[in-house]
Amino acid sequence: MTSHTVYRTFETEERREFIRLGDDVQAAVDEAGIREGLALVSAMHITAGVWINDDEPGILEDTLEWLDKLAPPSWREPANDVAAALGPDPGDFRHHRGGEDNGDAHWKNLLVNHQAIVPVTEGRLDLGPWQQIFYCEFDGGREKRLVIKVIGE
Amino acid sequence: MTSHTVYRTFETEERREFIRLGDDVQAAVDEAGIREGLALVSAMHITAGVWINDDEPGILEDTLEWLDKLAPPSWREPANDVAAALGPDPGDFRHHRGGEDNGDAHWKNLLVNHQAIVPVTEGRLDLGPWQQIFYCEFDGGREKRLVIKVIGE
Amino acid sequence: MTSHTVYRTFETEERREFIRLGDDVQAAVDEAGIREGLALVSAMHITAGVWINDDEPGILEDTLEWLDKLAPPSWREPANDVAAALGPDPGDFRHHRGGEDNGDAHWKNLLVNHQAIVPVTEGRLDLGPWQQIFYCEFDGGREKRLVIKVIGE
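Protein chains in written order, with the working numbering: chain A, 1 to 153; chain B, 1 to 153; chain C, 1 to 153.
The hints are simulated quantities; they were obtained by calculation from the structure and are not laboratory data. Computed from a prediction, not measured in an experiment: that's the story for all the values here. Glycine included, every Cβ here is placed at the ideal spot set by N, Cα and C. Please note: incorrect hints may appear among the correct ones.
With the Cβ distance kept under 7 angstroms, some of the chain A side facing chain B (calculated, not the full set) [to be verified]: (1) Asp55; (2) Ile59; (3) His96; (4) Pro119.
Construct the entire structure; sequences and hints are all you get.
Structural data, given as C-alpha cells:
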C-alpha cells in the first residue's frame, strides 16, 4: 500500500466561494503513482464543505441561496442606530455569545458534509461525466486548509 | 492490498425510486476475496443518493415526502393554460434556464450524500442489524451508473 | 496493509446526547500501529450520527434545536386525556404505525450522516485545530454500537 498526503490552503476574497478541486485531486493521485485506491478530500475546518456536484454556475448560485434558507446566515446588518450601538446581533445563536458570527457556516458544513472520497481506477479519478469536486467556503477571508489523502497501489 | 471495482447501471421506471444494494456490495467483497477492508458505494451522478438506513417501507415513503419539503421538486404542473403555453415553469431555479428540470434532485443528492463507505470485517459487511444500503434515485427514467470499490486484504 | 477494528457501545441517559470520540479513534490508530492510512468512524444504527465539528457547548445546543426544526421530533405529549387514551400520536410518520416513535432520529441520521473518515498522517489523526469527532445520539436510552475501522501501514 502506498499513501500520499497533500495540503491546500485557501484564502478566499468572498465570505462564500466555490473552488474546483478535481485537478488538484488528480495531481495528488499522479504524484502518489497509484493505479487503484481511494482519494479522501477533507476540509480541515468546521465552517467549510467539500461536495461532488455539477459545475454549472446556475445550480451553484441556487444552492447557496437554498442553503441560506435551511441554515440562515447570521451576519445581519443592525436594524437601526441603537442596534448598531449595541454591537453585532447575536441572533438565536448561543455560539455567537463569545463573539463568533459564523453559526450558519457550521450548519452548512454539517448539511453538505466536509469531505468526499473518490475511487481511483486505472490511475484516474473514477467519477461520472458531470461530477466535479468542490471546496465550498462558507466563512472565508482567512487562511483555511484542506487535506487530500491518497491510498492504494 | 487488493482492490476490486464493480459498476452497476440502473434505469428506474419511476422518477424517484429506492434500490437495495446490500447484496451487490457483499457480492463485490466476495469477488475481491478480501477479509478486512473498506467498500465504497458511490453514485456516479449528481441527482442520486446512496444512504444506509432502515429497510422499512413507511420510513422510505416518509423520507421522500420530507425531502420534498426541504428540497422542493421542480416538475410542477402548469397552473393554467397560459402558464402551459409559456412552457415549463423554471421556478426559482437558475439551473432550469438551460432546460433542465431536476434542480431539486441535485439538492437531495447534497442532503443525503451520494456515497457511503462500509467496513468489511472477516469477509462480511460490518453493518448493524437494521442497516440496509440504498441507491436513491431522484431523477430516473434514464441509464445511471454507480461504482462499488472494494479495497483491503 | 494493516487493519484494526474496535467496537464501542453507548447507552446514553438522555434521548439525545453528544459524545466526544477523538481519543477513542486515536487509541484505535495507536493499537493498529499504523503511520499512514484512514480511520472510518461509523454508527451501526439508523438513528444516530457521527460528525466532525466544533467542541463548543453553544453550537452543540444550537444545532440540536436547528435539527429539530429541519427534522421535527415525534415524541409529542398527548394534547389531552382523550388523546392520551388513544395512545402515542403517530403524527405524520408512516413509520410510527408499527409502534415506533423515532422517525425524526432517522432523518437526523440522514442529514448529518452516520459516519466520518479521518486521515491518519505520521501516526496522528490529521484534523484541523477545531475539529472534534462526535457520536450524536438521537434516540438513546438503549445499547447502541459504533465501529471504528483503521486501515493503513
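So, going through the hints one by one against the coordinates:
no., hint, in the structure
1, Asp55, "9 angstroms, violated"
2, Ile59, "4 angstroms, holds"
3, His96, "24 angstroms, violated"
4, Pro119, "4 angstroms, holds"
Checked against the numbered hints given earlier, this structure breaks hints 1 and 3; the rest are met.
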